[in-house]
Amino acid sequence: MASATPKSYFWKGFRDGAPFVFVAMPFGLLFGVFATEAGLNIIQTMTFSATVFAGAAQFTALQLLQDNTPTVIVLISALAVNLRVAMYSASLTPYLGAAPLWQRACAAYLIVDQSYACSMIRFEKEPDMTVPQRMIYFFGSVTPITPLWVLGTYLGAVLGTQIPESWALDFALPITFLAMIGPMMRTLAHVVAALVAIVVALLTVAVPFNLGLLIAGAAGMVAGAQIELMLERNKS
Amino acid sequence: MTQIDSTTIWIIIIGLAIGSYLLRFTFIGLVGDRPMPPWLLRHLRYTAVAIIPALIAPLVVWPSATDGQPDLPRMSAAAVALTVGYVTKNVLAAIFTGAATLYGLLYLVA
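Residue numbers (my numbering), protein chains in the order written: chain A, 1 to 236; chain B, 237 to 346.
The set of hints was computed from the structure by calculation and includes no laboratory data.
All values derive from a computational prediction rather than experimental measurement.
Built from N, CA and C at the ideal position, the CB exists for glycine as well.
Nothing false has been slipped in among the hints.
With the Cβ distance kept under 8 Å, some of the chain A side facing chain B (calculated, not the full set):
1) F22
2) A54
3) R104
4) A172
5) P174
6) M184
7) L213
8) G217
9) G224
Assemble the whole structure, with the sequences as input and the hints as a guide.
The structure is reproduced here in structure tokens:
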């Protein structure tokens, strides 16, 4: 199976993924701090980061936990935020779907924004790559990120206990999320999806159990999908 | 901030760990080489971009730290973080300028 120098593709992936350590590390740190502030102990915080391995979903769960949201709604909302990894999984499938099941099972755990972005760019640029080369590249791209995400979480959890209340950390989480939204606004459809979601969220704030969030999210998704359809129709 | 009980936290951690893994595994593991319906992909594309703003909007307009009173430093920080993120596409730059705005204005107002 292993054809021409799979090792070199590992290092190619590693190099392409390396710049993201500057995102993974501080993000992990922030999560560690927030989780500690929310009352999670260090074992819970570390388990959270290591097993869920999805920053935005983890932050969502923390925020909702603090608002006394019912457990089911916390789970649904956080998983909804994470639905995009299902989309990543779907779009990686044509490239990696032919690999052995155990490799795909391991790769699935490591599907994050960064490994997805690196891999898609590389696979499209080099259509002649074999499936093993693609797989080893994928693992390479996520190798620098994973340990630093976990290490960052640990440092944040340790530091978090020492941060005084006067630091207004209540608003650090919204700022973190808002900062993530900006780069997501790639097309008009994304902007409309976000705007519709915001308006509906503000209108449904009185709906119990934070269900307004799910209503608003669904409205935003439909709006985005419809705009995308309209733009496609206008083009053709 | 209310204390959350440990069982709830564990249920959420384990639930999210399993759920997130299934989300990741479903397509690459189970769907394999079969194509997916375009309408599904079209909606999946907008999940994060819809849910995250919906989560944040009420926190920005009615912050819990001020008992739900709209608050100039927090609104300004939100605007700065969003704008810098949009213009630079750099998440960390947006976090830092947003935080600087928040602390700067909190300091001036206090």
